Amino acid sequence: MTWIEALIFGVVQGITEFLPISSTAHIVIVQLMFGYSFPGLSFEIFLHLASVLAVLLYFWKDMWEVLQGFFRYIAHRDNKDRTKFFFGVYILTATVITGGLGAVLSDTIGEGLKSPYVIGSALILTGFALVFIERFHRTGRKQEKDMTFLDAVIVGLGQTLAVFPGISRSGATLVVGLLRGLDKDTAVRYSFLLAIPVILGSTVLGVSDFTMEMVTYVTVPNLILSFVVTFIFSMLGIIWLIDFLKKSKLIYFAIYCFAAGILVMIFIDPSVVVEV
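The sequence shown begins at 1 in full-length UniProt numbering and counts up by one.
A hint or two may mislead.
As the list claims (entries may be wrong) - With a cut-off of at most 27 Å between alpha-carbon atoms, the simulated BS3-like pairs for lysine-lysine come out as follows:
| hint | residue 1 | residue 2 |
| --- | --- | --- |
| 1 | Lys184 | Lys249 |
| 2 | Lys80 | Lys249 |
| 3 | Lys80 | Lys145 |
| 4 | Lys246 | Lys145 |
Everything labelled a hint here was simulated from the structure, so no lab data went into it.
No experiment lies behind these values; they were computed from the predicted model shown.
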């Protein structure tokens, strides 16, 4: 791998991780463009660590408040900590559902669903979901204090769909959260905080894939470069998305997903299957 390719992988992973356009799909597309097939999930998981580091640094105050309120409520049952306690429960609930069902689906969907044709179709499906939530669904008013256990269960189920390459994790949680009546700020914040345990959990499960074969394949300098670039662009993506959604609409992401999905199906050999 050249340093330019490592740079491109970092930029693509960083930008797409938190936008509702599927980072997995874009990493696969870049692999196909460069002709790479990484050993296991090691490189992708490595880049995800840089993304989750960006989320942790950006939302550390939010995470700290949730953790403090969660454990204070357990210890003292103070009503002022009740909202934070249940918000923590909702994060754990969605994470457990995603982890459990995601593991089952990953073992059963088969490699055929990782083809360019399926990835393109999933991107288009993501686009339709974004159009629906933007054009045909009235924005809700539920905030953190108004959430329910059922909201967490359904968002967790929606997040599980991201096991299919081309279905955006952030897009799925955002769309399902809005369908459940969350206001946009709460849905976006919940989606970002859910990314932390999900990505960290997948990293723990994928530790066995971290081998010297991957390090040799990519090289240490390129691993460092791609990690730093992924972190920087993940942070920029978080800041930009939060600001963008305050002023603009999800329809622009839908248009991008339609275009990307169609291009993938037209220009990439449909017989190709990539390990992701």
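Next on the checklist: Tell me the hint numbers this structure goes against, listed in increasing order.
Outcome noted: 2
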